[in-house]
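Participant: One letter stands for each residue in the lines below.
Protein chains: 4
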Amino acid sequence: MPLNFVTCGESHGKYLAAIVEGVPAGLEVDLVRINQELARRQQGYGRGARQKIEKDQVEILGGVIAGKSTGAPIGFLLVNKDYKIEKMPELFRPRPGHADLAGSLKYDQGIRAVLERASARETAMRVAVGALARLFLKEFEIEVISHVIRVGPVSVRAEHLSFADVKKRAAHSEMNCAYPEAEKEMIRAIDNAIEKRDSLGGQYEVRVAGVPIGLGSHVHWTRKLDGRLARALMGKQSVKAVEFGLGTRSGEVYGSEAHDEIFYAKEKGYYRKTDRSGGVEGGMSNGADLLVRVTMKPISTLRRPLASVNMKTKKPEKAEYERSDISVVPAGSVIGEAIVAYEVMDAFLEKFGGDSLKEIHRNYEGYLQQVRES
Amino acid sequence: MPLNFVTCGESHGKYLAAIVEGVPAGLEVDLVRINQELARRQQGYGRGARQKIEKDQVEILGGVIAGKSTGAPIGFLLVNKDYKIEKMPELFRPRPGHADLAGSLKYDQGIRAVLERASARETAMRVAVGALARLFLKEFEIEVISHVIRVGPVSVRAEHLSFADVKKRAAHSEMNCAYPEAEKEMIRAIDNAIEKRDSLGGQYEVRVAGVPIGLGSHVHWTRKLDGRLARALMGKQSVKAVEFGLGTRSGEVYGSEAHDEIFYAKEKGYYRKTDRSGGVEGGMSNGADLLVRVTMKPISTLRRPLASVNMKTKKPEKAEYERSDISVVPAGSVIGEAIVAYEVMDAFLEKFGGDSLKEIHRNYEGYLQQVRES
Amino acid sequence: MPLNFVTCGESHGKYLAAIVEGVPAGLEVDLVRINQELARRQQGYGRGARQKIEKDQVEILGGVIAGKSTGAPIGFLLVNKDYKIEKMPELFRPRPGHADLAGSLKYDQGIRAVLERASARETAMRVAVGALARLFLKEFEIEVISHVIRVGPVSVRAEHLSFADVKKRAAHSEMNCAYPEAEKEMIRAIDNAIEKRDSLGGQYEVRVAGVPIGLGSHVHWTRKLDGRLARALMGKQSVKAVEFGLGTRSGEVYGSEAHDEIFYAKEKGYYRKTDRSGGVEGGMSNGADLLVRVTMKPISTLRRPLASVNMKTKKPEKAEYERSDISVVPAGSVIGEAIVAYEVMDAFLEKFGGDSLKEIHRNYEGYLQQVRES
Amino acid sequence: MPLNFVTCGESHGKYLAAIVEGVPAGLEVDLVRINQELARRQQGYGRGARQKIEKDQVEILGGVIAGKSTGAPIGFLLVNKDYKIEKMPELFRPRPGHADLAGSLKYDQGIRAVLERASARETAMRVAVGALARLFLKEFEIEVISHVIRVGPVSVRAEHLSFADVKKRAAHSEMNCAYPEAEKEMIRAIDNAIEKRDSLGGQYEVRVAGVPIGLGSHVHWTRKLDGRLARALMGKQSVKAVEFGLGTRSGEVYGSEAHDEIFYAKEKGYYRKTDRSGGVEGGMSNGADLLVRVTMKPISTLRRPLASVNMKTKKPEKAEYERSDISVVPAGSVIGEAIVAYEVMDAFLEKFGGDSLKEIHRNYEGYLQQVRES
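Chains as they are written, first to last, in my numbering: chain A, 166 to 539; chain B, 166 to 539; chain C, 166 to 539; chain D, 166 to 539.
Just chain A, same shape as in the assembly (with noise of 0.2 Å):
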């Protein structure tokens, strides 16, 4: 894959950073957009106090000159105002559903080694990244939107809502919801949860607009565009479910509710009017947005711990209680953004290949005329 990026810092540690390799040159970097992107990661009802306090701002490393990409590895460097890793005590409790144990056994160490790194605070790079890889979208009109549709016991319905809809909705909403009311509701189900020290997760989609049709291949099974999405999906914090389209429905329905039908216009060329795959075929962009969705599990740190073992003793104990949040659903999905955003990138440049924004916006007009042509 052409994109490729590391990141590197504990969550209480002084650093966070990220080198993100393979960055085609001439793209304006717009330090200003990132950084919106981090404060966008750190709202929502129903996150702790480290929200509140400290504003991620990121500074660049490298790879940067003028304000443009060279097509070097870019470099982003976060300064953990909260920074105290010394300080912070060694635990013994695993928390069930967290990293704690199974790191501990495998890395041989202990749990704050673990955790440290297992944290979703991490995730700041990987929203950072993603920002990149907006910026580079936005130079091909191709546009990342998320919304939550659940937070525990309160969903609502999207399939209905247009692309449109979705992004003017859910802009101004605390919950990054379309549906005031529904707002409202997922609010109160949170409030429940802090009052039962409790947690909740939820559920939210990302959608992509203006994808040319051909991301992604039928080819390989590792180069299939639906599978780079989910495992780069499945492979952040809390995430147990990704489905495109009608997801876990397509199950339930016949073939011919299942699949959208092919139509087409001369001037814009073939196209859907519905969006049950999930703009994926084959393991390809068909042309229709990009439509994930994803479930995240409740936080695994609770006020009121689960059982778990003193690892030194062996003997039953409460689980260990860190300051947490308690429900992250909105944070995951600008998270989720950012990783749709960084895929869908990989996927462009593959097909279309070029080093500099110049090379590469030819090779997309190009590519553009001859679908429209055949």
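Please keep in mind that the hints were generated in silico from the structure rather than gathered at the bench.
Bear in mind that the values here come from a model prediction, so they are computed numbers and not experimental data.
One thing to keep in mind: the hints can contain errors.
As the list claims (entries may be wrong) - Here are the simulated distance ranges between beta carbons:
hint : chain 1 : residue 1 : chain 2 : residue 2 : range
1    : D       : K246      : B       : G375      : 52 to 58 Å
2    : B       : K233      : D       : E219      : 56 to 62 Å
3    : A       : S539      : B       : K252      : 21 to 27 Å
4    : B       : N475      : C       : M253      : 25 to 31 Å
Even glycine gets a Cβ: it sits at the ideal position worked out from N, Cα and C.
Knowing the structure of chain A, use the given hints to seat chains B, C and D on it.
Facilitator: Below, chains B, C and D alone, put in the same frame as chain A:
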């Protein structure tokens, strides 16, 4: 990742082949067992004529001497008895839901060249590779099974079924279903679909027992076990959703209902009484059974075709019909097992290293003891 | 990297096979040309009996319909007429210089299982894959040639020979040598080695004409064109040195004698009059011919074997002797061409993207014009 | 491959950074030792002013808690005191031998954006990463050293020098040379080059002691240890040739003079008395010292510049001159050590697996014993 495989071949081509790179030396490569898995893939009510005509049998291309793997790449060859690719007609009316349209535009070629590769026929090779992985995993007492839990409107609940239950009950079912009554209903649903000249999808569950704590990793998203499994499964034809454990239900429940409490007993170490997480926490196996649920959409080739466009004339026409199955969820579940087996083997080798079975056994036993003593 | 291939098969096994993933659609796959390259690999004075007995011919396993690539993985199958692996005896006295000892210890198996795979017989597949790459490169007027410049004590200087000279003069030489007199001496040197029951290595040069400016990259070490070529060439049996342009002589001269001055002419753009850099600067092709020099050590199977140890008894004994060639530098040069062709194709696809020949041509022409106008 | 690293940063940018992914847990990350290696890189007669002004010191970005690695990606940050990238002028006359021309055309940008990344300044990060690898290898008693064997016309023979000799003798040499007289001549050669306003390259040798039998593999070209080392070394600025053991001389001698006979002694197992192969046979380490020889071309920035072309006017002009070193072979040798250390660690982890030092030690000891008993 230590393992790597590629397949080639077309649905009606002369051959299908696969080469797997990274299999350690000293594994007994039991071709009978491998061919049994291929036979399982061809079963299930609702298949078209082809599955009944030809029995897939692979031959070994290399990497095995005197019945044992040598560490060299292992190749499989399957000769298609139904070889007639040169006589197959070109098609012009892409099937909604299939790779036809996107593949034809992307690769600037006719639909025939696309569908011959996009066809699920290729999964015969994934099953062969997966069968090899099963032989490997068996050496370490890791076992992979599956069962069908939905065909169209007919579904069963399976949370309470133990691994042993599922294994015993699904083994003799034509539908790979653990419930005889549900099986009958599934068959009836398929008969309905046949009558309507329509098709049906469904859902299956893959479970893996015997997985040690600590496959995959929390440290970097590309190493997460659930992400890797999700990619591989979503990269299979027709799959539209992948879920772990509670899956989409994780978004509905409270944290206290979503996680698996941790227990300890001297003889078996840390263990769980529930499997809501599907055996993966923080991107790592947690010692419980892996439990993945996969949703397949209905077959996109319909006897009563959907609206499409003739790519030559650009006029609306009905989509093409090619001889096809009606419902393939049981076959899908066998392929799903193969895919999961392969990914688990890959993660296993990544963790334990080693070039010969002897070395891997030693490394593995050492780790198990280390975990017991932690 | 866009391309990816795996081979399997043993020296005396029934089959050799290869699968290449990432070849774009629309390439005419001329099997006659591919088999010609395989025949070239079998030529050269100093070969053992085997090369004379069997003529390698590959068959296509998939990825080609009606003579054209489809974007799907392309497989090659070669049936070994000399199939007798089950009858080959186990060996116990590892040959110095061969994989025998390390391979046997690493993989915990006998020497036979090692040498069957370590054998240069596997390079037949690398030649087939490289021949496919040549067909691709030819579409873009990129041509790969080679010539032998040393066999043991006999060497020729080649700096002053143009690409056209080398091509014309080496084509008809049994030794793939540009100088008839040197060729005779080389043959005499081989005769001497035969008489001494010894073996000889040598050196060859691979040149590539028509490479555009800008394959590879300076931005990250894994993308450097020279590094990729070095890896692929050093990863071939018997290779002990890889040099670009002046190569080891670069360490001896002054900077003013080591670099290629830059010139410009309207009709051909930037160009060089010398090729001291071997066509690579900063990890990128610079528009001059690629020029790589490869040194092969002598064959390690000697008729008058070296000291070794019997692995069963641990007693000193002479190494095993298996039927073998005496000197294979011309064959090596053909394999070297194939390897270079493959790597150049890979770097080409990485830069220009595209899924069909039509698209790649368009992208390529656009870039050439951009460079001309820069 | 288990390890993976990316670097970012520009020569005159504010930062250089690197992130390494795949380092196991439990390694003591001694920052003092890492910074010592960075200091070694800055030494050597013939350096420009910059190396004397600023002392490189890295800080850790993540992956280390309480001085120990945690299995998470490890990041390094180096702040450039000499930060002035915004004030650096654009350049128009590409330097022959440098990435300037190809990088500018490929990425459609000015020369400044190219040279800032192509600069050898980036190797500071490769040294930091390599220093980490050395710390790991030291745990397993694997040691990497180097010495300079040529600067321009002055060369020394080194075949007869033992590892211990080289280590002791080169340690205190400003030129990292094992011979005091040769060192003086090398310095004189550099003085000559300074006087001529020219530059000089040279050669160095990297040796690794303590490598177990069986790193790398013969089974597939991408796994070959020599290929991996060759790629990494050739992917360093200025390198034009990479040789193992006899290297180019392998092409001149008879087979009986080119290979290393095999011996056995109860206490040390199989061993060699010579190292003509450079410690690699069949793509695997054979238990002898690794011995790689690297040739560096002279610095391409000349005080008496070569012919070039002004890219704005297309008129012939002399190439640009930027402040530069005259000869950097000793620094090159330190970087070469780092690169080799990294690749050996990667191959080591690939073979032995494991996530903690404890586990890797156990796996390693088990293998050593298995080899002893084979």
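Participant: If you check each hint against the structure, which ones fail?
Facilitator: 4
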